[in-house]
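J.: Sequence lines, in order, name chains A and B. Using the working numbering, read the first sequence as starting at 1 and increasing by one per residue. Using the working numbering, read the second sequence as starting at 192 and increasing by one per residue.
Treat the hints loosely; a few may be bogus.
To be verified - Residues of chain B placed beyond 12 Å of chain A at every Cβ, according to the derived structure: (1) Gln194; (2) Thr233; (3) Asp327.
Unchecked claim - Partial list, computed: chain B residues near chain A (C-beta under 10 Å): (4) Leu256; (5) Thr305; (6) Arg306; (7) Arg339; (8) Ser340; (9) Met343; (10) Trp350; (11) Leu351; (12) Leu358.
Said to hold, decoys possible - From the derived model, a few chain B residues whose C-beta atoms are all more than 12 Å from chain A: (13) Asp204; (14) Gln247; (15) Glu331.
In short, the hints are calculated from the structure, not lab data. Cβ coordinates follow ideal geometry from the N, Cα and C atoms, glycine included.
Number of protein chains: 2
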Amino acid sequence: MRQNPERRTALIDAAIEVLAGQGARGLTFRAVDNQAGVPIGTASNYFANRDALLVQAGRRVFQRLDPGAAVIGEALALPRTRASVERLMHEMVERITGFGSGFLAMLELRLEATRRPELRKVLTEQIRENLQANIDFHLETGMPGDARSVEMLYLALNWLITEQLTLPEVFGEGRTKELVAAAVDMIVPPR
Amino acid sequence: MRQNPERRTALIDAAIEVLAGQGARGLTFRAVDNQAGVPIGTASNYFANRDALLVQAGRRVFQRLDPGAAVIGEALALPRTRASVERLMHEMVERITGFGSGFLAMLELRLEATRRPELRKVLTEQIRENLQANIDFHLETGMPGDARSVEMLYLALNWLITEQLTLPEVFGEGRTKELVAAAVDMIVPPR
DNA sequence: AACTTACCACTACACTCGGAGTGGTGTCAA
DNA sequence: TTGACACCACTCCGAGTGTAGTGGTAAGTT
Numbered sequence: 001m002r003q004n005p006e007r008r009t010a011l012i013d014a015a016i017e018v019l020a021g022q023g024a025r026g027l028t029f030r031a032v033d034n035q036a037g038v039p040i041g042t043a044s045n046y047f048a049n050r051d052a053l054l055v056q057a058g059r060r061v062f063q064r065l066d067p068g069a070a071v072i073g074e075a076l077a078l079p080r081t082r083a084s085v086e087r088l089m090h091e092m093v094e095r096i097t098g099f100g101s102g103f104l105a106m107l108e109l110r111l112e113a114t115r116r117p118e119l120r121k122v123l124t125e126q127i128r129e130n131l132q133a134n135i136d137f138h139l140e141t142g143m144p145g146d147a148r149s150v151e152m153l154y155l156a157l158n159w160l161i162t163e164q165l166t167l168p169e170v171f172g173e174g175r176t177k178e179l180v181a182a183a184v185d186m187i188v189p190p191r
Numbered sequence: 192m193r194q195n196p197e198r199r200t201a202l203i204d205a206a207i208e209v210l211a212g213q214g215a216r217g218l219t220f221r222a223v224d225n226q227a228g229v230p231i232g233t234a235s236n237y238f239a240n241r242d243a244l245l246v247q248a249g250r251r252v253f254q255r256l257d258p259g260a261a262v263i264g265e266a267l268a269l270p271r272t273r274a275s276v277e278r279l280m281h282e283m284v285e286r287i288t289g290f291g292s293g294f295l296a297m298l299e300l301r302l303e304a305t306r307r308p309e310l311r312k313v314l315t316e317q318i319r320e321n322l323q324a325n326i327d328f329h330l331e332t333g334m335p336g337d338a339r340s341v342e343m344l345y346l347a348l349n350w351l352i353t354e355q356l357t358l359p360e361v362f363g364e365g366r367t368k369e370l371v372a373a374a375v376d377m378i379v380p381p382r
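All chains, please: the whole structure from these sequences, using the hints.
T.: Printed below as a string of structure tokens:
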């Protein structure tokens with residue numbers, strides 16, 4: 001088992017691209033090697049089997065989807081109004097949509113998790129943490145809305161992103177902003 | 192190309208189960224044959240190729256997810272209140288969750304649609320119709336809320352179902368009812 | 001009633017493809 | 001000099017597709 005960390009990360013990122021681009025069906029060691037531009041057989045050396053690759057991809061996706069400190073800092077400077085929440089939600093949707101392959105890979109992984117208990121455990125943990133962090137941040141900053149509001153935004157916006165990434169013509173990409181705004185308007189109480 | 196319609200339907204339904212159970216990766220003619228309990232090679236005789244099978248599965252899922260006339264009739268007899276909407280939404284979530292393999296298959300198909308224009312066309316069409324029918328029904332019956340409310344419920348409840356079917360421990364299955372109720376409370380205006 | 005046509009279930013198989021894994025060699029750095 | 005890793009070649013194996021072929025059955029025809 002090889003240990004070069006940069007190379008390992010590069011392989012995992014390649015796996016994410018493969019997952020998004022070719023689906024779980026296309027995720028093979030060879031495909032990862034090709035995507036990463038390394039010689040055939042390399043991924044074999046870094047991951048004991050396909051399962052290990054999936055689990056590590058599962059962790060990595062969330063790591064990359066996380067907002068940076070910059071976004072957090074910016075949020076702290078905003079007034080505690082519904083308009084700010086709207087802005088933050090737009091930002092989040094933009095950010096995630098911008099890393100579309102990450103979100104699609106996560107969807108693929110969710111479906112895989114149906115059949116792989118270990119992967120399910122990892123994803124559940126990551127998502128719970130993520131959601132809880134969002135709730136805590138929201139409450140601590142004193143933005144309008146409670147924990148329930150955050151959960152609802154989580155639900156609505158996740159499917160909005162899913163829709164726009166998988167079947168963009170259902171709503172039309174132009175309606176994204178409008179729908180985000182509507183979600184916030186309905187879910188977050190005015191202040 | 193064989194034409195026996197019952198058998199064809201049985202094969203497509205088998206394909207849906209395979210999609211849900213083993214993912215797009217596992218969807219092969221052989222797997223479908225096994226699932227349907229017919230001799231190996233049968234699916235080959237009914238579908239020109241894997242694509243055709245996917246597209247037909249795409250249509251079938253929606254056919255089976257459709258509420259029957261019974262549900263429609265029941266809805267018409269309800270008072271035009273938020274409580275009724277809540278009840279209808281519970282019913283819908285129950286119904287879809289009850290055909291979990293159908294919903295999961297649809298998710299798999301969505302992801303496949305990313306790479307298959309024809310499948311994307313079929314799914315987009317089905318979903319637009321479906322959503323529009325929901326909106327029309329809602330408006331015509333005079334239930335509280337407008338088109339926007341229906342879209343929001345669509346967003347939130349779809350992801351709720353996704354969450355419960357793929358990573359049930361994130362929220363816990365026990366919270367489904369509560370979350371549906373919360374969604375309706377926030378999204379549908381009181382009347 | 002015998003014949004014919006058509007359809008379909010079922011079987012078998014040839015052929016291809018692609019992946020997994022392994023062992024070996026070269027290379028660089030400690 | 002030794003160990004770790006990149007790179008490469010090669011083999012084994014399983015799976016899947018598509019097709020050709022066989023037998024049976026039902027309906028229609030003369």
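J.: Checked against the structure, which of the hints given earlier come out wrong?
T.: Of the numbered hints given earlier, the structure breaks just one, which is hint 4.
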